[in-house]
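Protein chains: 6
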Amino acid sequence: MTRLVELALEEDLGRGDITTLAVIPKGLQARARVVAREELVVAGLHLFEQVVKRVDPAVEVTLEVDEGDMTELGVALISLRGSAASILTAERTGLNFLQRLSGIATITRRYVERISGTRSRVTDTRKTLPGYRVLEKYAVRMGGGTNHRFDLGSGVLIKDNHIAVAGGVAKAVRRAREAAPHGMKIEVDVDDLVGLDAALDAEADVILLDNFSLDDIAEAVERVRRQAPAVVIEVSGGVRLDTIEAIASLGVDIISVGALTHSAPAVDIALDLQLDV
Amino acid sequence: MTRLVELALEEDLGRGDITTLAVIPKGLQARARVVAREELVVAGLHLFEQVVKRVDPAVEVTLEVDEGDMTELGVALISLRGSAASILTAERTGLNFLQRLSGIATITRRYVERISGTRSRVTDTRKTLPGYRVLEKYAVRMGGGTNHRFDLGSGVLIKDNHIAVAGGVAKAVRRAREAAPHGMKIEVDVDDLVGLDAALDAEADVILLDNFSLDDIAEAVERVRRQAPAVVIEVSGGVRLDTIEAIASLGVDIISVGALTHSAPAVDIALDLQLDV
Amino acid sequence: MTRLVELALEEDLGRGDITTLAVIPKGLQARARVVAREELVVAGLHLFEQVVKRVDPAVEVTLEVDEGDMTELGVALISLRGSAASILTAERTGLNFLQRLSGIATITRRYVERISGTRSRVTDTRKTLPGYRVLEKYAVRMGGGTNHRFDLGSGVLIKDNHIAVAGGVAKAVRRAREAAPHGMKIEVDVDDLVGLDAALDAEADVILLDNFSLDDIAEAVERVRRQAPAVVIEVSGGVRLDTIEAIASLGVDIISVGALTHSAPAVDIALDLQLDV
Amino acid sequence: MTRLVELALEEDLGRGDITTLAVIPKGLQARARVVAREELVVAGLHLFEQVVKRVDPAVEVTLEVDEGDMTELGVALISLRGSAASILTAERTGLNFLQRLSGIATITRRYVERISGTRSRVTDTRKTLPGYRVLEKYAVRMGGGTNHRFDLGSGVLIKDNHIAVAGGVAKAVRRAREAAPHGMKIEVDVDDLVGLDAALDAEADVILLDNFSLDDIAEAVERVRRQAPAVVIEVSGGVRLDTIEAIASLGVDIISVGALTHSAPAVDIALDLQLDV
Amino acid sequence: MTRLVELALEEDLGRGDITTLAVIPKGLQARARVVAREELVVAGLHLFEQVVKRVDPAVEVTLEVDEGDMTELGVALISLRGSAASILTAERTGLNFLQRLSGIATITRRYVERISGTRSRVTDTRKTLPGYRVLEKYAVRMGGGTNHRFDLGSGVLIKDNHIAVAGGVAKAVRRAREAAPHGMKIEVDVDDLVGLDAALDAEADVILLDNFSLDDIAEAVERVRRQAPAVVIEVSGGVRLDTIEAIASLGVDIISVGALTHSAPAVDIALDLQLDV
Amino acid sequence: MTRLVELALEEDLGRGDITTLAVIPKGLQARARVVAREELVVAGLHLFEQVVKRVDPAVEVTLEVDEGDMTELGVALISLRGSAASILTAERTGLNFLQRLSGIATITRRYVERISGTRSRVTDTRKTLPGYRVLEKYAVRMGGGTNHRFDLGSGVLIKDNHIAVAGGVAKAVRRAREAAPHGMKIEVDVDDLVGLDAALDAEADVILLDNFSLDDIAEAVERVRRQAPAVVIEVSGGVRLDTIEAIASLGVDIISVGALTHSAPAVDIALDLQLDV
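Protein chains in written order, with our numbering: chain Z, 1 to 277; chain W, 1 to 277; chain X, 1 to 277; chain P, 1 to 277; chain R, 1 to 277; chain A, 1 to 277.
Hints are computed from structural coordinates only; laboratory data are not their basis. Hints are supplied without guarantee of correctness; some may be wrong.
As the list makes no split between identical chains, a pair holds if one copy fits it or if it spans any two.
Cross-link-like lysine to aspartate or glutamate pairs, in silico, EDC-like; alpha carbons within 20 Å at most [as the list claims (entries may be wrong)]:
1) Lys185 with Asp253
2) Lys185 with Glu203
3) Lys26 with Asp66
4) Lys159 with Asp191
Using the sequences provided together with the hints, build the complete structure.
Below is the structure:
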């Protein structure tokens with residue numbers, strides 16, 4: 001977190017803010033409010049605060065809502081009081097973080113709401129912006145989603161290429177179980193029902209149904225629940241807001257959605273400044 | 001650039017790739033192709049290459065297209081040859097960069113095409129993801145756009161708060177001109193036609209029409225061209241693909257679009273691996 | 001890895017090697033051999049190579065054994081050829097890495113050999129030297145051990161304090177299962193047989209018998225195998241070379257040993273230099 | 001120091017503490033004590049404090065003993081009060097530092113005590129863990145030892161290879177004296193009494209008797225004291241707790257011991273947490 | 001700024017201050033004053049403060065003058081109160097910053113004073129010490145000068161090689177105007193009056209007269225003012241304290257002086273310490 | 001070294017070279033020569049090379065002279081061949097390093113030449129630019145000088161404040177000798193002949209005559225040579241080119257000169273580019 005804040009400030013402020021330096025008197029005080037300009041789920045308030053404090057530790061920052069709150073248009077998320085110059089200088093960098101992370105939380109919430117009441121949960125993927133994984137996965141949680149494995153070292157996911165090389169799914173699962181930390185489940189990605197049966201025979205702990213049709217998902221769920229009820233079923237591949245409900249209704253455990261992170265649009269948040277006079 | 005690649009690899013691979021280590025024999029060779037799965041404008045090939053080379057300098061990487069090329073669905077962007085394990089390990093991080101930057105280049109190209117033949121050019125803003133400004137502004141150029149000021153230290157942009165504090169736009173412009181490097185033009189952001197007239201009187205070099213209606217833009221262009229033909233006219237604020245053409249037709253010089261960077265969805269790009277047998 | 005090599009060279013060579021600069025002519029060539037001065041398991045050859053190459057990329061480095069090999073006293077691990085000054089300058093830093101990591105691999109191998117043929121495997125802990133976790137866990141694998149969770153974010157381990165706060169092990173396990181990535185097993189640390197029964201009732205996936213007597217381990221194994229045969233049993237707490245065999249004979253799955261990393265003595269490795277004349 | 005603390009926290013906590021996040025309520029307060037579980041010499045309290053403060057600046061940390069103190073089993077070294085979650089999260093990383101540095105201080109103290117009352121002092125070597133030299137040499141001082149040269153740039157030590165290349169010890173000493181800062185003594189490493197005489201003739205300031213027998217040390221001390229009483233005599237090579245006394249009794253000035261740093265076992269220190277109820 | 005302070009402290013104090021540690025009791029308190037030992041313009045007080053605070057946050061630091069103040073010999077710039085050891089340890093690093101930056105501010109002031117009352121302003125160049133550009137350009141401003149472009153990315157300056165390659169100054173200017181952010185003026189470096197005329201025809205915004213004689217400057221100013229009164233005229237090349245007045249009297253806008261940064265001698269500043277007794 | 005090169009390139013090129021990108025075709029090849037424009041001693045060629053290679057590894061760099069060479073006006077120091085754009089982009093940063101370090105080497109050489117044939121040697125101080133100590137001390141050696149202690153941790157220098165606190169020079173020397181590594185000489189700074197006598201009595205190894213008059217230096221040398229011939233005599237304080245000869249003639253060992261580093265003007269070096277046509 002800290003490294004990105006430093007990168008960001010260096011990037012935008014490393015050479016100073018020429019306009020503010022030239023125009024705004026040093027001592028001038030102001031109040032400001034960071035305001036939602038659309039309905040959104042908040043994530044990243046602490047990053048905004050960290051940006052402001054790095055620019056000027058004397059600015060008072062009050063968080064007006066909690067992380068994960070859903071807010072209406074017009075709601076103040078943060079109040080600021082302090083040097084007008086400092087606030088103007090920090091504004092863009094702070095908003096850039098807040099708008100991105102709240103964007104992810106907001107879209108995640110929409111997916112989560114669609115399937116509330118089912119046994120399924122919405123999960124992210126590793127399709128995150130390089131350097132932002134910790135932050136983006138945090139935003140997904142703020143939106144009510146859960147996280148998939150953090151990185152290549154914190155989970156096992158055996159895909160078709162791994163299986164081809166290993167000489168079959170049974171061998172691949174066995175090798176992974178021998179080598180991986182004993183706290184990790186072994187997950188196998190399957191492309192069709194034949195692959196599913198092989199994964200079940202290989203005693204995979206989690207099975208990922210990759211780009212399955214709704215009919216095949218239904219069939220897969222039935223086979224798994226009958227043959228190995230402890231196995232976790234994940235669905236992935238092109239899941240959209242208008243398709244997730246149908247998938248969840250089939251009784252899968254996990255629905256993972258790359259778009260939560262790779263294509264979340266920024267939400268609209270602005271800073272309103274009021275000079276102390 | 002290099003620091004983000006390091007952050008990204010550390011993030012995804014810092015603890016190794018458990019699955020690949022367990023399952024893929026070290027010496028196994030493969031070929032792979034990075035393929036566009038939709039029509040897109042390419043940006044970020046060199047980042048993909050850098051990621052692969054950091055994982056394993058022995059993998060051969062051939063760039064099959066040029067940065068900025070528009071490609072069809074199915075076109076191979078990059079060919080790879082080398083260790084299967086290395087390619088699988090680098091895949092996700094490389095694609096995460098490439099899909100984001102090509103996403104920005106692709107959406108930029110759409111805006112640019114809409115106004116080709118007019119005197120207007122499409123420009124980005126400072127609404128970039130913290131840490132990614134150099135890369136995102138590069139992607140905008142690959143899409144045919146041009147860049148606004150890089151940071152707060154490389155351009156002057158006087159906004160309403162600056163003007164209020166300075167005691168009028170004339171004073172703000174004068175102070176900025178005295179303090180800024182002599183190679184910078186002085187840009188003033190105006191909210192209405194009254195502000196425009198004041199900015200013209202203050203001898204601003206560039207005037208930004210902020211959230212103007214089409215009618216007001218038309219009126220503003222006429223006043224500027226008549227009174228100060230050397231002044232550059234920029235339009236900003238909620239510009240969309242379906243509104244940019246009308247704006248450009250009014251003869252403005254610059255149309256800046258925050259969505260080029262803050263809300264560009266990732267484009268779909270995949271890696272197909274073929275084992276050497 | 002790279003950051004530690006840089007830290008290390010900066011630390012020892014940042015201000016140059018005064019003796020070598022003063023005494024050794026720049027062009028003088030030499031051969032050298034890195035030799036085991038006791039029986040040991042090798043880990044860290046690539047770090048030695050990296051150190052030498054950072055000091056002088058022109059020195060030829062040949063690895064004479066493989067990582068994980070057990071070697072006799074007197075065996076050459078690495079051969080070097082190139083500038084005498086460069087080799088002498090890199091010597092100590094390279095050896096410091098190699099002696100530490102091979103020390104860990106060597107002691108791990110001794111534990112592993114004691115229990116070969118049983119169903120138990122030897123595992124490390126998080127008691128690693130800060131900054132060295134990736135390297136020390138790698139050395140454990142080279143010695144034939146397996147790794148426990150890498151960090152606090154890649155595994156769940158519920159201890160007594162967690163249970164007390166949560167209001168019982170059942171609640172703690174349930175909360176963890178809801179929040180953790182679906183690929184992680186839920187491990188519970190228990191101090192006695194009462195705790196064991198509670199953990200079984202709570203449907204923990206892995207149970208850690210913490211500082212149990214041999215009798216209690218035997219009883220615990222019996223209860224687990226009867227009641228929940230899929231549960232993984234781990235033993236930890238003061239395990240020594242002379243006690244591990246008895247523990248393994250009771251049929252546990254995992255025996256974790258902090259001393260593999262926190263108290264492994266360096267093994268004796270030296271560099272013999274021969275000037276080219 | 002700071003860089004290692006950052007490396008360490010990133011390594012263990014970079015992705016959060018899943019168990020604590022899931023199970024421990026945010027606001028829950030606790031007290032905790034860091035307790036010696038064996039007799040030891042304390043070193044590294046400030047690193048423990050730094051780790052805790054980086055995790056949560058609001059935790060109160062009270063150091064109950066001084067660096068360099070010898071403590072009994074059961075003595076509290078540090079008291080903590082604050083968020084239970086923060087304390088549990090920081091625990092392992094803080095202890096890893098403290099157990100390592102106190103381990104070095106403790107073993108150093110044992111060597112120092114063996115030769116108290118003699119003119120000899122116990123000194124470390126450059127056989128430290130890469131990246132830890134400042135900390136390990138500090139721990140040696142806390143144990144009552146003194147430091148050898150910090151790095152290759154802060155002292156001159158002419159070894160056999162330097163002598164061979166230079167064409168004799170006299171030439172090597174002369175060149176070193178011309179090139180080195182005038183505040184550095186010139187030290188020569190000798191393998192036998194012939195080497196000793198040559199070093200004396202070359203007017204070395206310090207002579208290191210490398211792997212000498214007790215008889216040869218005795219003879220060497222006599223020759224040096226007679227011929228060049230200002231010369232400092234150092235002994236090195238496989239010195240152990242059970243041999244150091246005999247060496248010191250011969251009247252040498254410095255006894256350097258690689259094992260102080262390269263093979264010091266961690267001492268046993270634990271954190272006891274008590275929830276505020 | 002912060003990174004250089006860290007580099008500097010690591011460089012001078014990374015291994016501790018042996019003399020102070022050995023000789024100065026930990027608790028000893030002192031007062032100290034940082035005093036100008038010649039007439040100078042102050043720049044860098046905050047860096048001195050930052051250095052002291054990094055060494056020991058408990059030392060009280062009072063800045064007695066303002067940045068940019070001109071002070072007499074004997075004036076106290078900073079007062080300190082706190083640990084004698086900390087003050088002595090921080091002294092040299094803090095002074096090294098302060099003497100360098102005040103050196104630049106002082107020499108800049110001399111140039112600025114020579115041409116006060118004219119329309120010309122004194123500007124720096126990119127001939128700064130690598131890593132110090134932000135600080136050195138800041139010091140120039142404290143001395144009353146203004147800054148040229150910060151880096152290659154924040155201004156356009158077309159030189160003879162660019163013109164030769166582009167096939168003429170007109171083409172070069174046009175390409176630059178198309179590619180550069182719209183807020184940048186296009187500056188052209190010319191070697192003689194022929195070049196000047198070409199630059200004027202090409203509609204350059206700023207023209208740099210490079211190593212012109214006084215007569216040619218006079219002629220150039222006349223041509224520019226007649227033909228393109230909005231064009232900014234810069235003079236550069238071997239400007240000295242004894243020549244700047246004549247140049248300014250010709251009516252140019254900008255006089256840039258490399259020596260402000262590349263050859264400013266340090267000014268004499270000392271720290272006087274008084275022990276509290 | 002590497003970190004400063006990175007800082008420098010980031011600083012000047014982090015956002016690209018707008019002019020070159022706009023005007024110079026990518027493929028265009030050129031030759032260039034780095035030429036001395038005054039008589040100078042060369043230092044820093046490898047930094048120039050490193051800068052060029054970081055910008056573009058494909059540019060061929062040939063060093064035409066050796067570090068430490070004295071060259072005439074007009075001599076080529078480096079030849080380059082490769083991309084015109086790359087060479088132009090790297091030019092300023094490379095020259096900034098080379099002009100600074102050669103400036104230090106050149107002024108050092110002048111001091112050294114003045115006293116050649118005497119027993120004195122010219123030494124630097126810790127008055128170096130923060131972050132540049134390694135490089136500046138290297139440049140001093142290239143100019144024929146020798147180095148004083150590198151930092152506060154690699155040498156002991158007892159000054160008046162240390163003595164006052166310790167309760168006399170004898171106590172200060174004794175404490176320092178007990179605490180410092182045994183390879184360090186103990187140096188004492190004295191302000192007058194009374195101090196000298198005390199330092200001699202305290203058995204200092206090196207005595208620094210601080211701001212002594214020529215008469216007092218002569219007297220001091222006589223006393224030291226008579227009473228303690230092994231003691232090294234250093235003179236410091238406002239030494240200038242026109243005073244050093246007189247000081248050296250009195251038979252001191254070391255003359256240290258702060259101006260070698262804190263006030264060395266840059267030497268004039270330029271890059272001449274020739275396009276391949």
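Which numbered conditions among the earlier hints are violated in the structure presented, ordered from lowest to highest?
-> none
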